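Residue numbers (our numbering), protein chains in the order written: chain A, 1 to 497; chain B, 1 to 320.
Hints may be right or wrong, so weigh each one.
Here are some of the chain B residues that sit facing chain A, going by a computed Cβ distance under 10 Å [unchecked claim]: (1) Thr-63; (2) Asp-64; (3) Asp-66; (4) Leu-119; (5) Pro-122; (6) Ala-144; (7) Phe-166; (8) Arg-170; (9) Asn-261; (10) Tyr-276.
What follows is a list of derived Cβ distance ranges for each label pair [what the hints assert, rightly or not]: (11) Thr-240(A) x Leu-187(B): 30 to 36 Å; (12) Leu-142(B) x Lys-384(A): 35 to 41 Å; (13) Asp-149(A) x Arg-79(B): 19 to 25 Å; (14) Lys-177(A) x Arg-79(B): 47 to 53 Å; (15) Lys-251(A) x Val-298(B): 55 to 61 Å; (16) Lys-251(A) x Val-183(B): 21 to 27 Å; (17) Thr-209(B) x Gly-348(A): 40 to 46 Å; (18) Gln-104(A) x Arg-99(B): 56 to 62 Å; (19) Pro-122(B) x Asp-255(A): 41 to 47 Å; (20) Val-298(B) x Ala-159(A): 53 to 59 Å; (21) Gly-181(A) x Arg-79(B): 26 to 32 Å; (22) Ala-91(B) x Gly-130(A): 33 to 39 Å; (23) Gly-220(A) x Leu-187(B): 50 to 56 Å.
In short, the hints are calculated from the structure, not lab data. Predicted, not measured: the structure shown is a model, and the values here were computed from it. All C-beta atoms, glycine included, are put in the ideal place defined by N, C-alpha and C.
So the chains spell out like this:
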Amino acid sequence: MPSQRSRPGLPRSVAALLGVIVLVTAACGASTVPSPSTSPQSTTATGASQTPIAITPAPVATGAGGLTADGKVLIRWFVGLGTGAQPDQIGDEQAVVDEFNKSQDKITLSLEIYQNTTAYDILSTQIAAGNAPDIIGPVGFRGFYAYGDQLLDLEPYIAKTGFDTAGMDPAILAAYKEGFGAQVGIPFAIYPSFLYYNKALFDEAGVPYPPHKIGEQYDGKPWNWDTLTELAKKLTVDATGNDATSAKFDKQHVDQWGYYMQWTDPRGWGTQRGAGSVVDGSGKAAIPANWVEAWQWYYDGMWKDHFIPTGSENRSDLLGPDNAFQSGHVAMDFVHLWYTCCVWPAEGAPKVKTWDIAVPPADASGKTTAKLHADTFGIMKATKHPDEAFQVLTYLLGNDKLLARYGGFPAVKSKQAAFFTTLDKRFAPNKVDWQVALDMLAYPDVPSHEADMPNFLKADAAIKAFQEKLITTEGLDIATEAEGLRSTLQSLFDQAS
Amino acid sequence: MATTQQPATLAGVLRHDEPAHGGIGGMARREERWGYVFIAPWLLGFVLFTALPMAAALAFSFTDFDLRRPDEIAFVGLRNYERLLADRDVAQSLVTTFRFIAVTVPLNLAVGLGLAVLLTSPRVAGKALLRTLFYLPIQIPLVAATLIWLGVLNGSNGWVNQLLEFVGIRGPDWIGDASWVPVSLALIGIWGVGNMMLIFIAGLQGVPTELYDAARVDGAGAWTSFRRITLPLITPVVFYNLLISLVVSFQVFVQPWVLKNGIPDEATNLFNVNLYREAFVFNQLGYASALGWVLFVVILAVTVVLFRTSRRWVYYAGER
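Bound-form chain B, shown alone:
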């Protein structure tokens, strides 16, 4: 039905007057409502499958919840948190996790960026095919991929050691030797770098080419262009990949668990592995919930630090 719209006045808009039908304020509110409607499924999922379980875990962390005796749950206050401060396994798993991150995150960033630079180079043929091939490993389920790597890295007759033997090198026990396990985990991590590579490619393609032309005119070589133009302009993408990589690396579980068949040693007893063992092998879900919240706080702290420091090195085009 046709209606007559009241003229909107500036005062009316500032007062958030709602015109009888339509008007600027009313339209904005309607759009806002539709926005909420469309994000409602995600919000509901977030509340049901993330927020509520997190709240439940927080509550469990103050109890002695044993999976085998759910009816005997009792409030124990801060005992779980006191316990984890004195637990050598927790300290060791934290150290192992930080060590793992210190190796894999820079490596993955370097490899991802390196591949992206190669696959945006005008001198490389078949870029589309190569990008697909480098991305494909991500499509393989992680457990299946790790099982494949178990065979490939087997110290006795795995492919890697057979190749090394072919050139006269005796390969290590990649899985059994605790000093080589971090390298194995890093290798498996690199195999899945395709996602990061794609994001870097998108970032590289956003760098204006006239900057490179101008740099060439000024006599800059490839390395100087990369260092002075490419890197600064893709820092937002680097920041994003670094952040995601850190958050994911703190939560690594599948690869070390599958590699050691559920019997982790010091090199594979990462924080999340230890958490899982406490929860589902030893049935101490209350204690594991406390560990989970500690992990959350650690990741949050690292993320906050990253965001704070990003002001110094992340360049957003359009900002001063």
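With the rest of the complex left out, here is chain A:
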């Protein structure tokens, strides 16, 4: 037998072992200590025309005790549950963060922005992983109800720091305590709703602008939903220029719609005919009759009279997609003050150059309802640094730049007068009658359309599924569908009890 060659020796086995280590490390993904990095597409915030940051900045590394490498407390601010993730807003938010970090040397504030469609999923996952952020917001009542028992009671910190809540509307302050068992929020911004209208489309149609005062008539007629319907039909135009009152109107090729209610759900639609709730006094599911009426009107507006875009039309390139008023193809949009975030695009020339706001019509009883939203920030119970988080919270609550960027009306009364001056500068030379927005504060929907529901997340999902069905399916009987929704909600409420 030939003698065996000498063994290759240690180097080959060492090389193999090193190869295994490299492969395993690569398979395990990123390093265990996340490294701070500049966002690849970020620019410094310079104003309304800045290039927005396209992605969330990388997380800041922390060591023991949750301190950064330079010994500061890291406070993570999670944005996306409400407004705040629009391209127009991200630059200003980062500027606010940078200003805070430069203003003191004990805290590093880090910003995380997620699109609304995934923000709830991501936050839930972070909580489950023990990696909850410190501050969430701005977020409306929907977010507060979704995470109510995860939010910190702020009362001890308000008392400790002497934070002044005297200048706030007590009803809204109380709203962040009722139903939560603790003071989980301090009012930041309130958003009345009203009609945004595209003046150029009105001029083109040769029709007067809608009223700016409650009680005013429109072209000699009472300003109610019937009058708005006729107006909206005149402002709905097909590709060949025929409006929806014309026998030649081509409903298959609509180019411009008279009315829309952007970024809301059927509970919001319902408030067109007055406030209501899908939960009755005894906790059972109930669809208010005025809401069924509002839904019927809205449904007919989409499928019978065609002055409201359907789901397919709203998602087409012609209307954004999904930013109908900004597209310049919708004459009137009943939406909140926060929509000033997105009337004009972050980049490029706006298509809606001249616009203003008007009061919504009154219902059959002569009553006007303008649904109200309220946003604020919350501190997660899981925060390891509640004092620092509260310090950041108060900074955000007092930041007027953020307020203007979110289009939020200050909850603090002393700031309300100066608020619209900021918006005027932003939208100059277009002049907007902000008195309408102030006046609409007197007509909120009570109870709020965003009120709590048992089994909140599933009930909310059921309502959204109901909405999806209405905006995509022709030929439905609304009364039957409303009863189906009620039945679904009742079974969900029963599951929660």
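Mind docking chain B on chain A? Use the hints.
Structure of chain B alone, referenced to chain A:
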């Protein structure tokens, strides 16, 4: 250092005697060890990222784990499994999933095979370029591709309906109309058939050409050759593509989720979509884990049935 090797005896090999240095048994064992070393990274990854999470999911499926309240997790026994048996959404999502599979899997196989036959035909010019073009769609991330399709299939002014209108047909609402959504999903699925096509091409290229020559001599036409020679000989490849396609189709999530912006209707509430909603929209991770294991068992059962039946129709060259 040079060593002297002991002569290996048959008895010694059968006893798995280990020679002092080298020998047949020792070499085989060394090779075996090196084999384990080289698959160790994959094994480690499998254990860490597949096996352990599966075990964790099984454990969670017996709890009421809520993502928002991870500290309040409690053992609930078989309650999640009892719940899913009575859950209408689960039943509906299973039916929708099977319906989806019944349409898309045969369609994808047919289109993939058809393209492969075309792109192995001597009469087609530019085969290399065409193969590349048909394969390219797979390189686009699925979410981006679905978003593109959202625009293309838009019922109001999408390209497909504009083309149909050009020839005088009024196109449906491909995304909004529940009866057309399965067709839309199938169309999106066909767009990504390039991978299957390539595998079919490899299978077709493995069919001995002398068989076709012999068949031609016997007077067989193209269809007869395809039916009697090509198809039987590529059944292993068909089996592979069918198996992979089934497993993937059971787990479809991205396309229906993105198409309906997270608000699925009956046509898009596939099993995996429902699972995701339970886990991450409603935060019921315990219940979702039970759903995940049910899906695993269903896919496993289908795979076993497929393997068992394959003996009747899959022909492996070299077997009797």
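A quick look at each hint next to the structure:
Contact between Thr-63(B) and chain A, as hinted, is not supported at the beta carbon level, the nearest pair being about 12 Å apart and thus beyond 10 Å. Because the closest C-beta pair between Asp-64(B) and chain A is about 13 Å apart, greater than 10 Å, the hint is violated. The restraint placing Asp-66(B) at the interface with chain A holds, with a minimum CB-CB distance near 8 Å, inside the 10 Å limit. Among the interface hints, the one on Leu-119(B) is violated; its C-beta lies about 34 Å from the nearest C-beta in chain A, farther than the 10 Å criterion.
Taking 10 Å as the C-beta cut-off, the interface hint given for Pro-122(B) is violated, the closest approach to chain A being about 43 Å. Hint status for Ala-144(B): violated, given a least beta-carbon distance of 14 Å to chain A, over 10 Å. Because the closest C-beta pair between Phe-166(B) and chain A is about 13 Å apart, greater than 10 Å, the hint is violated. Because the beta carbon of Arg-170(B) sits about 7 Å from the nearest beta carbon in chain A, less than 10 Å, this interface hint is met.
For the restraint placing Asn-261(B) at the interface with chain A, the shortest Cβ-Cβ distance is roughly 7 Å, inside the 10 Å limit, so the hint holds. Given hint, Tyr-276(B) at the interface with chain A, holds; its Cβ is 8 Å from that chain's nearest Cβ, closer than 10 Å. At about 31 Å, the beta-carbon gap between Thr-240(A) and Leu-187(B) stays in the expected band of 30 to 36 Å. Separation of Leu-142(B) from Lys-384(A) is about 38 Å and conforms to the stated range, judged on CB atoms against 35 to 41 Å.
Range check, Asp-149(A) to Arg-79(B): about 22 Å between beta-carbon atoms, so the 19 to 25 Å window is met. Separation of Lys-177(A) from Arg-79(B) is about 34 Å and departs from the stated range, judged on CB atoms against 47 to 53 Å. Remark: the range hint 55 to 61 Å for Lys-251(A) to Val-298(B) is contradicted by a beta-carbon distance near 45 Å. Judged by the Cβ atoms, the range 21 to 27 Å given for Lys-251(A) and Val-183(B) holds: they are separated by roughly 24 Å.
For the pair Thr-209(B) and Gly-348(A), the beta carbons lie near 60 Å from each other, so the given range of 40 to 46 Å is not met. The hinted range of 56 to 62 Å is satisfied by Gln-104(A) and Arg-99(B), whose Cβ atoms lie roughly 60 Å apart. A hinted range of 41 to 47 Å for the beta carbons of Pro-122(B) and Asp-255(A) is inconsistent with their spacing of about 52 Å. Taking 53 to 59 Å as the suggested C-beta distance range, the pair Val-298(B) and Ala-159(A) conforms, at roughly 56 Å.
In this structure the supplied range 26 to 32 Å holds for Gly-181(A) paired with Arg-79(B), their Cβ-Cβ distance being about 28 Å. One distance hint, 33 to 39 Å for the beta-carbon pair Ala-91(B) and Gly-130(A), holds here, with the actual separation near 35 Å. Look at Gly-220(A) against Leu-187(B): about 53 Å separates their beta carbons, and that is inside 50 to 56 Å.
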